[in-house]
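Q: Single-letter residue listing:
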Amino acid sequence: MNNLRNFSIIAHIDHGKSTLADRILEMTGMVRKTSMDQMLDSMDLERERGITIKAKSVRIPYKSSDGNDYILNLIDTPGHVDFSYEVSRSLKACEGAVLLVDATQGVEAQTIANANLALDAGLKIIPVINKIDLPNAMLDDCSLQLYTMLGLGIEDILHVSAKDGRGVAELLEAIVDRIPPPSGSASDPLKCLIFDSFYDPYRGVIPHLRVFSGHIASGDKIMLKSSEKIFEIEEVGYFSLGLARSESIQAGEVGYVVALIRNAGEIHVGDTIVSADHPEVPAIPGFRMSQPMVYCGVYPIITSDYAKLGAALEKFKLNDSSVVFEKENSAALGYGYRMGFLGMLHMEIALERLKREYEQDIIATMPSVIYRVFLKDGEVLMLDNPSKFPPEGEIDHIEEPVIRTRIIVPSDYVGPCMELSDAKRGVLIGIEHPDDRRAVLVYDLPLADMITDFYDRLKSVSRGYASMDYEMNGYRAGDLVKVDILVNNGPVDALSYIAPKEGAALRGRALIHKLSKTIPKHLFKIPLQAAIGSQVIAREDIFPRRKDVLAKCYGGDITRKRKLLEKQKEGKKKMKMIGFVEVPQEAFLSLMKIED
Amino acid sequence: MHGLYIHIPFCISKCYYCDFYSLTDVPELMDRYVDALFSEAISYKGMGFATLYIGGGTPSLLGSARLERLITGLSNRFDLEDLLEATIEVNPESAGRDFLSNAYGLGIRRLSIGAQSLNEEELKKAGRAHDRRQVLDAVDSAVKSGFQNISADVMIGLPGQTIQSLSETLNILVGAGINHISAYCLSIEEGTVFSRFPPPDLPGEDDQACLFESAVDLLQTHGFIHYEISNFALTGYECKHNLNYWRGGEYIGLGPAAASHSRGKRFRNAASLERYLDDQSSIVEGVERLDDRRKAGEEAMLRLRLIEEGLDIREMAGKYKHDAVESLVARLDDLVSRKMLVNDGRIYRLLPGSALTSNRVFINVIS
Chain A
0 MNNLRNFSII AHIDHGKSTL ADRILEMTGM VRKTSMDQML DSMDLERERG
50 ITIKAKSVRI PYKSSDGNDY ILNLIDTPGH VDFSYEVSRS LKACEGAVLL
100 VDATQGVEAQ TIANANLALD AGLKIIPVIN KIDLPNAMLD DCSLQLYTML
150 GLGIEDILHV SAKDGRGVAE LLEAIVDRIP PPSGSASDPL KCLIFDSFYD
200 PYRGVIPHLR VFSGHIASGD KIMLKSSEKI FEIEEVGYFS LGLARSESIQ
250 AGEVGYVVAL IRNAGEIHVG DTIVSADHPE VPAIPGFRMS QPMVYCGVYP
300 IITSDYAKLG AALEKFKLND SSVVFEKENS AALGYGYRMG FLGMLHMEIA
350 LERLKREYEQ DIIATMPSVI YRVFLKDGEV LMLDNPSKFP PEGEIDHIEE
400 PVIRTRIIVP SDYVGPCMEL SDAKRGVLIG IEHPDDRRAV LVYDLPLADM
450 ITDFYDRLKS VSRGYASMDY EMNGYRAGDL VKVDILVNNG PVDALSYIAP
500 KEGAALRGRA LIHKLSKTIP KHLFKIPLQA AIGSQVIARE DIFPRRKDVL
550 AKCYGGDITR KRKLLEKQKE GKKKMKMIGF VEVPQEAFLS LMKIED
Chain B
0 MHGLYIHIPF CISKCYYCDF YSLTDVPELM DRYVDALFSE AISYKGMGFA
50 TLYIGGGTPS LLGSARLERL ITGLSNRFDL EDLLEATIEV NPESAGRDFL
100 SNAYGLGIRR LSIGAQSLNE EELKKAGRAH DRRQVLDAVD SAVKSGFQNI
150 SADVMIGLPG QTIQSLSETL NILVGAGINH ISAYCLSIEE GTVFSRFPPP
200 DLPGEDDQAC LFESAVDLLQ THGFIHYEIS NFALTGYECK HNLNYWRGGE
250 YIGLGPAAAS HSRGKRFRNA ASLERYLDDQ SSIVEGVERL DDRRKAGEEA
300 MLRLRLIEEG LDIREMAGKY KHDAVESLVA RLDDLVSRKM LVNDGRIYRL
350 LPGSALTSNR VFINVIS
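Quick mapping for you: the protein sequence lines, in order, are chains A and B.
Under numbering that gives the first Met the number 0, the first residue of the first sequence is numbered 0, with each subsequent residue one higher.
Under numbering that gives the first Met the number 0, the first residue of the second sequence is numbered 0, with each subsequent residue one higher.
A hint or two may mislead.
Claimed, not checked - No farther apart than 30 Å at their CA atoms in a straight line, the calculated lysine-lysine pairs in the DSS-like style are these:
id : chain 1 : residue 1 : chain 2 : residue 2
1  : A       : K571      : B       : K320
2  : A       : K516      : A       : K458
3  : A       : K562      : B       : K123
Simulated from the structure, these hints should not be mistaken for lab results.
Please build the complete structure, drawing on both the sequences and the hints.
A: The following block contains the structure:
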């Protein structure tokens, strides 16, 4: 066990984690040098967006300069703020973390947030400045920031270029030297942590484990602590670039088990696995379950696909345990599901994955947070769906979730960032100046404003320089109202939303205008209205389409005509019928991003 | 019984909106072309036809002698004894008195004149090869030659066109003795002059709709029946050849780019005069045989174009398998419930005034 090193790479988004992982795999001979960048990012979507969504592990044999053989378990982690839950899971399985900082960007908000997660988990941190090959690398500034902002020793900092491989050999040596080997005894009773899982259609749910004590082999009977359910192990193994079967996995190691776990709901990330012979072994404490912050309704375009969507969600949850979902129904959209996500990026990616990887034709409704609704009769409701709000007359007041955000921004952009935060109903908590070039703004912001387009706007007002991180910071009362959207004179429950009373009319107008551009013309006039209670705050009409004739039916070429119609018909399938109105998929999501 | 369509792919010049298959500057090929039509006709030797339609291009460019050779040749190869209607399309610049008298003498009783407009500006902007005077002369010659069944094509949405100019065109045509109008909306097709140089004063979609609706109103006051989406006629003057298309009937098209529908199959000839003249062995392309379900949907889509006649489901029941008709009826009834069709017993029709927005309906009618 002394030759084992379990570690993660943590960093702010785009600071080069995946590239570093590739270089490590290449320099240790796991993969040949290849033009195929970023080995660990196997999902199409990850490549497209250039971010790592799912944490994954790989076991790397390594011969160090002292002549000894080591096994390095590298666990890749996501970098975006939405995925801090996955980061915290991965970190639980490690003894050390490589903290990566982009030499041209310096310490950013998520560098700090991730470093804090690692420190809290008691990990040994190896600070690394990456991208030293770039001409605008600021080595001294970065070192100083790591020291002043995180208290890391300047002498401990390594310099690498994940791109050209400089410094990576030294980093591998440091991993062996500085990160402690795992403790725990293979002869003690079994205790493992589930830190990830995925679904294999032939072999069921495959949990990813970190074994803390004991060992596990095929034929063993295991028990899940939370449900006390017992399964027999069919296969155990390690993570190579795929799954590599082995005899057993021991205390300190990271691996997987196959136990024919058919039901997605059986496996909870964070659960402890013990031996069925020693059910008394206590669960590993302190594992944080995911906390969804953003909710939206997800409905099949074709109502009868509801069951198919449910099955897809079950499978999806196996792969991304941080989503939650439950059945709901909407007068406008029929049967569907309410899904909860860690944040907006998480939501966008999850919905995209449902469409692409799980081949679901879905529409998603406007995202919402969980409101705390105080009724006049003293009852308090927690509501994540505006359409479930009671009539205005019954409501005493509403509280909304607030986040505390830390925004790191170059001094030149402090003004615009503060203006933006103020406009988003932010309350300034403090300003810090860690060095003379940048400021740290601490704001309390309503989560609802954060999830719409705050991050995009922040990036835009700071020309991309600002970075942010956030954590939940309780609830506060707000002057909030429910806004209903009426399409063709009927309220569409799936489009209603909660908004601050101030500016509600302005926003309602912007939203109605956007909707009028998204819904195609029909044969009849379609009034679009936004209303608070019975008071209409915005209205626009979509005028009837007066002509849709495509091609002349002339010269007897009927086939061409029919094919044109068939093509049009295909396009129509992507629309959802609400009453007599065909609403395209993008109408719902596009409404999130309204310029004020 | 089948219809017979003969395509004449020659024009004096190409109009700016036109994407039909026709060639200019090759008058020397016309004699060979008539022979090539006869070669293709061999494949259908002895077949009987109920209607004959000589279209184009510009059939009147053939001249009297070639037209006579064509008609005689067709009569020798086909059974045209029971012909109910024979139409020829003519363009004003080549529809002189002699040609028209000759055509009448050959048994052709229906004329379709490519007028498009009587407004000089509109004609010029559309690249037409004739002026207003020539249209009126052609109509006059036609009447004097004995034609009693005369149709005119009128384009809706020409650059600069107004309700006023359109009304004038229609009024004068009707007054001159036209008893059938085909009113097609101009659309910008790829490869046309208009697609390369879009005219600045081209009426938009809504303007086109206004123009079209004004034409419908005006023609109705003259007693014309709006019997098909783009066609209007005094009672008894409907085009039988085209009615056969819209009733899902069968027909043979001869010539390059001509479409056929025979023995349940749809196919068309390649759009190449060169190939048609030199070697017809592989001229047929795009052969399509639909299953009953799709075929029934296609026929329903066509029949619904007939605004007055509509779609009588009994016509379909005898023709297609039970389940194909069932599923069609389900789709039609759904459209009725969505107020996109009206149903009167067993006949389905488009909603009054919805000719221009019928695509939405057709999308749901096809399977």
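Q: Take the hints in turn and mark each one as holding or not.
A: Status of the hints after comparison with the structure:
no.	hint	in the structure
1	K571(A) to K320(B)	holds (27 Å)
2	K516(A) to K458(A)	holds (26 Å)
3	K562(A) to K123(B)	violated (34 Å)
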